[in-house]
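With the hints as extra help, turn the sequences into a complete structure.
Protein sequences, first through last, are from chains U and W.
Each residue of the first sequence is one higher than the one before, counting from 1 in our numbering.
Each residue of the second sequence is one higher than the one before, counting from 1001 in our numbering.
Just so you know, these hints were derived from the structure itself, not from any lab.
Glycine residues also receive a C-beta, built at the ideal position from the N, C-alpha and C atoms.
Don't take each hint at face value.
Cross-link-like lysine to aspartate or glutamate pairs, in silico, DMTMM-like; alpha carbons within 25 Å at most [claimed, not checked]:
hint, chain 1, residue 1, chain 2, residue 2
1, W, Lys1102, U, Asp86
2, W, Lys1071, U, Glu61
3, U, Lys73, W, Glu1101
4, U, Lys3, W, Asp1028
5, U, Lys73, W, Asp1059
6, W, Lys1102, U, Glu15
7, W, Lys1102, U, Asp55
8, U, Lys70, U, Asp55
9, W, Lys1057, U, Glu96
10, U, Lys70, W, Glu1030
11, W, Lys1102, U, Glu17
12, W, Lys1003, W, Asp1038
13, W, Lys1071, U, Asp55
14, W, Lys1102, U, Asp29
15, W, Lys1057, U, Asp26
16, U, Lys3, W, Asp1059
17, W, Lys1102, U, Glu96
18, W, Lys1102, U, Asp26
19, W, Lys1053, U, Glu96
20, W, Lys1003, U, Glu44
21, U, Lys3, W, Glu1056
22, W, Lys1057, U, Asp29
Which bits of chain U does chain W cover? Going by a derived footprint, with three or more residues having C-beta under 8 Å, they are [said to hold, decoys possible]:
hint, segment
23, 41-53
24, 102-114
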Amino acid sequence: AQKITQTQPGMFVQEKEAVTLDCTYDTSDPSYGLFWYKQPSSGEMIFLIYQGSYDQQNATEGRYSLNFQKARKSANLVISASQLGDSAMYFCAMREQGYSSASKIIFGSGTRLSIRP
Amino acid sequence: DVKVTQSSRYLVKRTGEKVFLECVQDMDHENMFWYRQDPGLGLRLIYFSYDVKMKEKGDIPEGYSVSREKKERFSLILESASTNQTSMYLCASSWPTISGEKLFFGSGTQLSVL
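Listed below in structure tokens is the structure:
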């Protein structure tokens, strides 16, 4: 069954350090996509990065990169040079095909990241 | 910019009431989703829709139904609200592109069932 697992409920990181947020997934669909979203205390959901299952290279968006290890079914988010504004809840998500032409997108339980000054 | 609008930011209802949560998107997206967000559980998919009148159950559809009569509007219905349906409800829409798919979220509705 389709599943997303985030094993770190909370993390504390010193400002300017790099941080890795873990995400593992389970799917039987050969075609799928992986996302990361950020949710600050305001509650809005901010798209960070996307990786397709057939993409040969790891996705990068500015300070964000997705460490995609297909054989291990992991899609960890790496934030380089963390900033105070990175303090937020982070969600990993996965898209796979539903029974129809729809894409089913499910989320993990999230990791709360706190950056220390 | 894509706009996904949820009709209410806060809603208080009584047990047993029928509750409608409305969501409208302005970008002609085919796919729309309803999630509920609870602390420690993340976002859980209730229902999703890929076209007018077409819907699929998500992971937690029990106690909910949906309606999509027009492409831009996706409604979540609680037939008989219960206290365990107190939660933050998030609507989203998406459009698949060659570079991937991106979900656009509304600002959420915090529903309290008393």
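Hinted pair Lys1057(W) and Asp29(U), Cα distance within 25 Å: holds (18 Å)
Straight-line alpha-carbon gap Lys73(U) to Glu1101(W), limit 25 Å: holds (19 Å)
Per-stretch coverage check for the segment 41-53 of chain U, three Cβ contacts closer than 8 Å to chain W: holds (count 7)
25 Å Cα cutoff - pair Lys1102(W), Glu96(U): With a Cα-Cα distance of about 13 Å, the restraint between Lys1102(W) and Glu96(U) holds, given a limit of 25 Å.
25 Å Cα cutoff - pair Lys3(U), Asp1028(W): violated (29 Å)
Given hint Glu61(U) paired with Lys1071(W) - CA-CA distance at most 25 Å: violated (31 Å)
Given pair status - Glu17(U), Lys1102(W), alpha carbons within 25 Å: violated (28 Å)
Pair hint Lys70(U) and Asp55(U), alpha-carbon separation not exceeding 25 Å: holds (10 Å)
Hint consistency between Lys1102(W) and Asp29(U) [alpha-carbon to alpha-carbon, up to 25 Å]: holds (19 Å)
Restraint check for Lys73(U) with Asp1059(W), where alpha carbons must lie at most 25 Å apart: Holds, at about 21 Å.
Straight-line alpha-carbon gap Lys1102(W) to Asp26(U), limit 25 Å: holds (20 Å)
Proposed proximity, Glu96(U) with Lys1053(W) (alpha carbon, max 25 Å): holds (21 Å)
Checked against the numbered hints above, the structure violates hints 2, 4, 6, 10, 11, 13; every other hint is satisfied.
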